[in-house]
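Using the sequences and the accompanying hints, generate a full structural model.
Read off the chains here:
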Amino acid sequence: MASKKHRGRIQAQGGGLEESESWSQDEPITKAEGLTLLNRLKSKLAKSDLEKREKAFEKAERYINNASGIDAVKKKSFYSTRKDKSIRVDIEVLGGRAFVAVILLILAFSIWKLL
Amino acid sequence: MEIAVKNKNDKYLFVGFLENKRLYNLTAAYWHRMIHKIAEEKQLGFRPYINLYDTHGHKEYDANPIFSAFFPELNKAVRIIQDEPEAEAPDLTYWEDRIELKAGHPTKELVIAVALSVSSAAEAKRLITDWLKG
Numbered sequence: 001m002a003s004k005k006h007r008g009r010i011q012a013q014g015g016g017l018e019e020s021e022s023w024s025q026d027e028p029i030t031k032a033e034g035l036t037l038l039n040r041l042k043s044k045l046a047k048s049d050l051e052k053r054e055k056a057f058e059k060a061e062r063y064i065n066n067a068s069g070i071d072a073v074k075k076k077s078f079y080s081t082r083k084d085k086s087i088r089v090d091i092e093v094l095g096g097r098a099f100v101a102v103i104l105l106i107l108a109f110s111i112w113k114l115l
Numbered sequence: 001m002e003i004a005v006k007n008k009n010d011k012y013l014f015v016g017f018l019e020n021k022r023l024y025n026l027t028a029a030y031w032h033r034m035i036h037k038i039a040e041e042k043q044l045g046f047r048p049y050i051n052l053y054d055t056h057g058h059k060e061y062d063a064n065p066i067f068s069a070f071f072p073e074l075n076k077a078v079r080i081i082q083d084e085p086e087a088e089a090p091d092l093t094y095w096e097d098r099i100e101l102k103a104g105h106p107t108k109e110l111v112i113a114v115a116l117s118v119s120s121a122a123e124a125k126r127l128i129t130d131w132l133k134g
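If you read the protein sequences in the order shown, they are chains A and B.
For the first sequence, our numbering begins at 1 and goes up steadily by one.
For the second sequence, our numbering begins at 1 and goes up steadily by one.
A couple of the hints might just be wrong.
[As the list claims (entries may be wrong)] Calculated pairs, SDA-like style, for lysine to any residue (alpha carbon to alpha carbon, straight line, at most 20 Å): (1) A/K59 - B/W131; (2) B/K59 - A/S20; (3) A/K4 - B/A103; (4) B/K76 - A/A72; (5) A/K76 - B/L101; (6) A/K59 - A/L37; (7) A/K113 - A/D26; (8) B/K108 - A/K113; (9) B/K125 - B/H58; (10) A/K59 - A/S20; (11) A/K47 - A/G16; (12) B/K108 - A/A72; (13) A/K31 - B/D130; (14) A/K76 - B/D62; (15) B/K108 - A/D49; (16) A/K76 - B/I38.
Treat the hints as calculated values from the structure; they're not laboratory data.
Predicted, not measured: the structure shown is a model, and the values here were computed from it.
This is the structure in structure tokens:
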């Protein structure tokens, strides 16, 4: 299957855990879709794994919320504590753009239709 | 693999780099020099693979990462995340990861999260040298 232009992954990693949610699509993923993936990833974790990454998930959520579109390639690692940096949440934007506001996406699509 | 290192009698380098853009750029140049020297000894080419700019073209100064290098001949990468020193935290933690720079073609990635000191810099250099053995 051919890969889509906009792709990426959100991962919960470290301490033996390796869970992820990914996207690959023709349009940039929106902030809302990114947050949905983040929540889906959280729901896959055991309570203890989630507790260890509580602050890491908060930082990842803030990163998505504060983004005004992120261009690939971008990879950020968020930890709950510096005492154990390997227990983390990673956000990877591997192709295209991610975490755009819906209004920007509609505007871009409208301009593209006009051209 | 997730390993942490701490030496309590260490000398820290570039302290305050997150608050001072000039110091930040000197720190990034330090990593570039280190990795360039290792790559030169091994006759390897490398290029950055992480976009360090935001969508408005402004450089990000969060050091997450401060430096990245992709070595195409080995299909390996190194990503350096730097923090300020913290009393109870290890000065260096590293792990291996994968990143699909090209869809369906994973690249092995060494990630070093470091508070830069004389000891942690030496350890980072050793780790990167070992990583690039082929």
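Which hints from the list above does the structure break, by number from lowest to highest?
Structure breaks hints 1, 2, 8, 9, 13, 15 and 16.
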